[in-house]
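Novice: Modelling step: build the complete structure from the supplied sequences, incorporating the hints.
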Amino acid sequence: MHIMWLLVHPLLILNLLKGSFGKSLNLIGKHKKTTLIPYHTIQTPKLQQCFSICHYSKKCRVMETTQTNSFNCKFFDVTLQASDITGPDLNTNIYAETRNCQDLYNIGVRASGDYHLNLFGDGYEYLLFCHFDADGGWIVIQRHIDNEFSFHRQWDVYKEGFGDSKGSFWLGLELIHKITRDQSQQVKIEALSFSGDSAMAKYGAFSVASEDKNYLLSVDGFDAIASNNMDILKYSIGMEFSTLERDNDNYEHNCANGWNSRGGWWYDTCGDFMPNAQWYPEEQAYKPVGDGWKGMRYGPITESWTLKSTLILIKPKDN
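Take the sequence shown: its letters are residues -22 to -1, 1 to 297, numbered as in mature numbering (1 follows the signal peptide of the UniProt record, and there is no 0).
You can take every hint at face value.
Simulated DEER-style distance windows between Cβ atoms: (1) 102 - 204: 31 to 39 Å; (2) 140 - 30: 33 to 41 Å; (3) 104 - 262: 33 to 41 Å; (4) 37 - 262: 52 to 60 Å; (5) 250 - 145: 19 to 27 Å; (6) 127 - 61: 39 to 47 Å; (7) 104 - 199: 21 to 29 Å; (8) 89 - 260: 23 to 31 Å; (9) 37 - 89: 25 to 33 Å; (10) 204 - 160: 24 to 32 Å; (11) 104 - 125: 20 to 28 Å; (12) 246 - 61: 39 to 47 Å; (13) 250 - 123: 14 to 22 Å.
I should point out that these hints are in silico values taken from the structure, not numbers from a laboratory. Keep in mind that this is a model prediction, so the values were computed, not measured. From the three backbone atoms N, C-alpha and C, an ideal C-beta is built for every residue, glycine too.
Specialist: Below, the structure is given as structure tokens:
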């Protein structure tokens, strides 16, 4: 895992007390202190006692330790921000857990890539791709940039996920469901056509139901201004997921299957956004709508050319 910190050197990152229960703590600020107000403090001759308290407490998100004749430890139940860190203080260190990409962004990480995240605070770490931009830190749940992996897949494959996190991939419906169930999320979709046209849409609320509800999609809070009125998900809201052998759409035929291999998605009557359809290279991307609506599409920007790339991102809702 390669991390570019603005606040601390990457060699200072230290995973402590990993386990089936509890959390992983990372050394975020060596010889630094925080301006946060603790919910609990202790003084102890053994540093391990401080780590044990934070490790097994669901409330603890950040810990500050100061060594004098003994250890003075402070515990915090809020997410650490870069602005919360001061110093230097040679006797003090700050440790924190990172549950999502926004947590990394808050402490200064700006290098997009794979990171181990303790998503649910239970000590189990998921290796996920974090995308950092001016809006914050996002978990990538879909990227389609080439034909290295086919998106014309069955239900169980879409459930578990597939592909290469640094290339084309699908995170997996079950994990997307668990992330959106555990914490309210927002979503951003980016689409780029081989014509050079692009579209971006942001929504303030995004969630995916459980498998027994066919991973039904709920979306709200469309930001029309930021999205330039490109309501990319308008035909997907309230729809169940469909794959080539599981038809849950409202069309007479299965939108996820058939002659144009649209791939799995939340289809209504097929709609105008098909991010998981067949990807074509540029020399084959000129396909006017009259040519059968083949390939990856978003109607407003793919009248004549298929999409070059799509990117779907989620992060916790802004407070």
